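There are 2 protein chains.
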Amino acid sequence: MASTALGRRGRAADVPALVDRAREGDPRSVARLISLVEDASPLLREVMAGLAPHAGAAHVVGITGAPGVGKSTSTNALVGALRAQGKRVGVLAVDPSSPFSGGALLGDRIRMQDHALDREVYIRSMASRGHLGGLSWATPQALRVLDAAGCDVILVETVGVGQSEVEIASMADTTLVLLAPGMGDAVQAAKAGILEVGDIYVINKADRDGANQVRRELRSMLALAERPAGAWKPPIVTTVAVKGEGTEDVADELDRHFIWLSESGQLQARRTRRARDEIEAIAVTSLRERWRDVHERTELDALAEQVVAGDTDPYAAADELLEAYTD
Amino acid sequence: MASTALGRRGRAADVPALVDRAREGDPRSVARLISLVEDASPLLREVMAGLAPHAGAAHVVGITGAPGVGKSTSTNALVGALRAQGKRVGVLAVDPSSPFSGGALLGDRIRMQDHALDREVYIRSMASRGHLGGLSWATPQALRVLDAAGCDVILVETVGVGQSEVEIASMADTTLVLLAPGMGDAVQAAKAGILEVGDIYVINKADRDGANQVRRELRSMLALAERPAGAWKPPIVTTVAVKGEGTEDVADELDRHFIWLSESGQLQARRTRRARDEIEAIAVTSLRERWRDVHERTELDALAEQVVAGDTDPYAAADELLEAYTD
Numbered sequence: 026m027a028s029t030a031l032g033r034r035g036r037a038a039d040v041p042a043l044v045d046r047a048r049e050g051d052p053r054s055v056a057r058l059i060s061l062v063e064d065a066s067p068l069l070r071e072v073m074a075g076l077a078p079h080a081g082a083a084h085v086v087g088i089t090g091a092p093g094v095g096k097s098t099s100t101n102a103l104v105g106a107l108r109a110q111g112k113r114v115g116v117l118a119v120d121p122s123s124p125f126s127g128g129a130l131l132g133d134r135i136r137m138q139d140h141a142l143d144r145e146v147y148i149r150s151m152a153s154r155g156h157l158g159g160l161s162w163a164t165p166q167a168l169r170v171l172d173a174a175g176c177d178v179i180l181v182e183t184v185g186v187g188q189s190e191v192e193i194a195s196m197a198d199t200t201l202v203l204l205a206p207g208m209g210d211a212v213q214a215a216k217a218g219i220l221e222v223g224d225i226y227v228i229n230k231a232d233r234d235g236a237n238q239v240r241r242e243l244r245s246m247l248a249l250a251e252r253p254a255g256a257w258k259p260p261i262v263t264t265v266a267v268k269g270e271g272t273e274d275v276a277d278e279l280d281r282h283f284i285w286l287s288e289s290g291q292l293q294a295r296r297t298r299r300a301r302d303e304i305e306a307i308a309v310t311s312l313r314e315r316w317r318d319v320h321e322r323t324e325l326d327a328l329a330e331q332v333v334a335g336d337t338d339p340y341a342a343a344d345e346l347l348e349a350y351t352d
Numbered sequence: 026m027a028s029t030a031l032g033r034r035g036r037a038a039d040v041p042a043l044v045d046r047a048r049e050g051d052p053r054s055v056a057r058l059i060s061l062v063e064d065a066s067p068l069l070r071e072v073m074a075g076l077a078p079h080a081g082a083a084h085v086v087g088i089t090g091a092p093g094v095g096k097s098t099s100t101n102a103l104v105g106a107l108r109a110q111g112k113r114v115g116v117l118a119v120d121p122s123s124p125f126s127g128g129a130l131l132g133d134r135i136r137m138q139d140h141a142l143d144r145e146v147y148i149r150s151m152a153s154r155g156h157l158g159g160l161s162w163a164t165p166q167a168l169r170v171l172d173a174a175g176c177d178v179i180l181v182e183t184v185g186v187g188q189s190e191v192e193i194a195s196m197a198d199t200t201l202v203l204l205a206p207g208m209g210d211a212v213q214a215a216k217a218g219i220l221e222v223g224d225i226y227v228i229n230k231a232d233r234d235g236a237n238q239v240r241r242e243l244r245s246m247l248a249l250a251e252r253p254a255g256a257w258k259p260p261i262v263t264t265v266a267v268k269g270e271g272t273e274d275v276a277d278e279l280d281r282h283f284i285w286l287s288e289s290g291q292l293q294a295r296r297t298r299r300a301r302d303e304i305e306a307i308a309v310t311s312l313r314e315r316w317r318d319v320h321e322r323t324e325l326d327a328l329a330e331q332v333v334a335g336d337t338d339p340y341a342a343a344d345e346l347l348e349a350y351t352d
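Note that the protein sequences, when read in sequence, are chains A and B.
Basically the working numbering = 1-based index in the first sequence + 25.
Basically the working numbering = 1-based index in the second sequence + 25.
These are calculated hints, taken from the structure and not from any lab test.
Quantities reported herein were computed from a predicted structural model and do not represent experimental measurements.
Each residue gets a CB set at the ideal place from its N, CA and C atoms; glycine is no exception.
Hints should not be assumed to be uniformly reliable.
[What the hints assert, rightly or not] Cβ-Cβ distance ranges computed for the label pairs, FRET-style: (1) Arg53(B) to Arg315(A): 37 to 47 angstroms; (2) Ala56(B) to Met246(A): 38 to 48 angstroms; (3) Arg322(A) to Asp318(B): 27 to 37 angstroms; (4) Glu348(B) to Arg48(A): 23 to 33 angstroms; (5) Gly207(B) to Glu270(A): 46 to 56 angstroms; (6) Ser311(B) to Arg252(A): 31 to 41 angstroms; (7) Leu249(A) to Glu348(B): 43 to 53 angstroms; (8) Gln291(A) to Ala306(B): 29 to 39 angstroms; (9) Gln291(A) to Arg144(B): 57 to 67 angstroms; (10) Glu321(A) to Asp232(B): 50 to 60 angstroms.
[Claimed, not checked] Covered by chain A, per the in silico footprint, the following chain B stretches (three or more residues, Cβ under 8 angstroms): (11) 73 to 86; (12) 300 to 311; (13) 322 to 334; (14) 337 to 349.
[To be verified] Some chain A residues well away from chain B (every beta-carbon gap over 12 angstroms; in silico): (15) Gly93; (16) Asp232; (17) Ala248; (18) Ala250; (19) Glu251; (20) Pro260; (21) Ile284.
With the rest of the complex left out, here is chain A (with noise of 0.2 angstroms):
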């Protein structure tokens, strides 16, 4: 396979020395890297195969929760923890409405530049496209770049309604989910299932009232779940992010869930989980490409006319499908 090729903007792109000059931690070659597997390019098998040896060190944090509960803000904090800490950060914003994707408030996205001159933080929106409202499919692809590039923590932040919760739950080592009071959110959770995906839940805008109703009924409908012995029990901070109070609570957390994944083969199991889910995937899809070929008549196409014809059932035709692949 050749090495070099035209990528965005008409540059010639030599996947070996962009992996190389990622790893060191030069911000364009991850944002080039993304690039070319956001756009499907025809380098983005070679891109994955040079990025599959310096892969699996990240943590990957999924950030959820319903518009309004300070998400935005709540990654800018712990952004800033994080980097306290020493850490090399990434960021995946997924949620259109998102400073970090360019769909918000001024104020938002001048406080965003806190971290946009440092060169250990990597902010990158990915637009939703393919999946409504949804993750993008170059998300799994783009958590490769970024852990490849040395990112000791990813967080990817979600628009949180509807599917995209639990698409981020499978993606994620640990998933965060984040509420604040005045917004029903508790019950709302429970109703979106996002009760079954939190590791860590996070109160905000725990200054306001109603905080500790949304704390108590959190815990109960918590207490409620059945869980085996051994496993991970969800803990619930409260912060006011726009102060940054109880965030540094949160990045300890975050450790703590971590070490306890890695120490009960959890990081393992979900990882691997994770990897079947996208291997599967691109194999689906490799297959619908091939089956659906638009330039010529394909075999399914041969094979739907005879059983609209009578001539054959789905079944046999799935079978006869199959075997002409193989062949």
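For this one, chain A is given, so just place chain B on it according to the hints.
Using the frame of chain A, we list chain B on its own:
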């Protein structure tokens, strides 16, 4: 493949004999065949193969609309109108609240008894397992049974929320969308994407206030849709289903649409597309089952571990998975 095996209730099933009796219109044999496909019995493939030569004659009509528009009453009235034309009719109810599936008021259930003793009407409710609130995975197979059993028209009644109207549109030859006044329906329908799937629109409860307004709104929304030259222009029919008013018009429009489908080549095109989706779904499911064999460690498990260890990347692993399958 063995042609007998224990079916539901422990009786042996002789598939060719069942298919023969179903084709003669024996309702017990039809019921038995649908149970075999719905239970994913070991005989499923044999049943599908036995049905294949006898399929393709029925006009499959999807009926969808929000709760409260009078879907079951309309379906009931339509069965009567089609019977008056001498047609054999099948009804598949995938709506859990439908009287056909036993979930409704006693009054409705008794009304359906009109047709319960008519051998030329076959009524079956389908559990909607597998899809959350959507169509049962076995719906296409049950359609094939009713088709082979000589039904001229098969009405598929769906719950009409979320994805199910899109699903039924991909499965039906003709999609009938029901609206009623006083429900903010036209706007709701537009939001739900219903205006893209309807071949025929029925405004039921047309004797109530607001029916004209629904009609006007619907007409102007439909007028906005861009349609290529020669495309079907969805008609709007008004009914009072509870009195049987307008139901014959609906039956006539169904005929008119079926003739248009046949003459324009769209019938063949829609059915080929449907068969392609069906074959592909069966093939992918069958692959996933092999890849995810719960009883033994599969190639996919091994590859996932290699990805986690950094020995390979997900794309190369997907290639290997597909190759491993081909040996």
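Right, here's what the structure says about each hint:
no.	hint	verdict
1	Arg53(B) to Arg315(A): 37 to 47 angstroms	holds, 44 angstroms
2	Ala56(B) to Met246(A): 38 to 48 angstroms	holds, 44 angstroms
3	Arg322(A) to Asp318(B): 27 to 37 angstroms	holds, 34 angstroms
4	Glu348(B) to Arg48(A): 23 to 33 angstroms	holds, 30 angstroms
5	Gly207(B) to Glu270(A): 46 to 56 angstroms	holds, 51 angstroms
6	Ser311(B) to Arg252(A): 31 to 41 angstroms	holds, 35 angstroms
7	Leu249(A) to Glu348(B): 43 to 53 angstroms	holds, 47 angstroms
8	Gln291(A) to Ala306(B): 29 to 39 angstroms	holds, 33 angstroms
9	Gln291(A) to Arg144(B): 57 to 67 angstroms	holds, 59 angstroms
10	Glu321(A) to Asp232(B): 50 to 60 angstroms	holds, 55 angstroms
11	73 to 86	holds (count 8)
12	300 to 311	holds (count 9)
13	322 to 334	holds (count 8)
14	337 to 349	holds (count 10)
15	Gly93	holds, 23 angstroms
16	Asp232	holds, 38 angstroms
17	Ala248	holds, 27 angstroms
18	Ala250	holds, 21 angstroms
19	Glu251	holds, 22 angstroms
20	Pro260	holds, 27 angstroms
21	Ile284	holds, 18 angstroms
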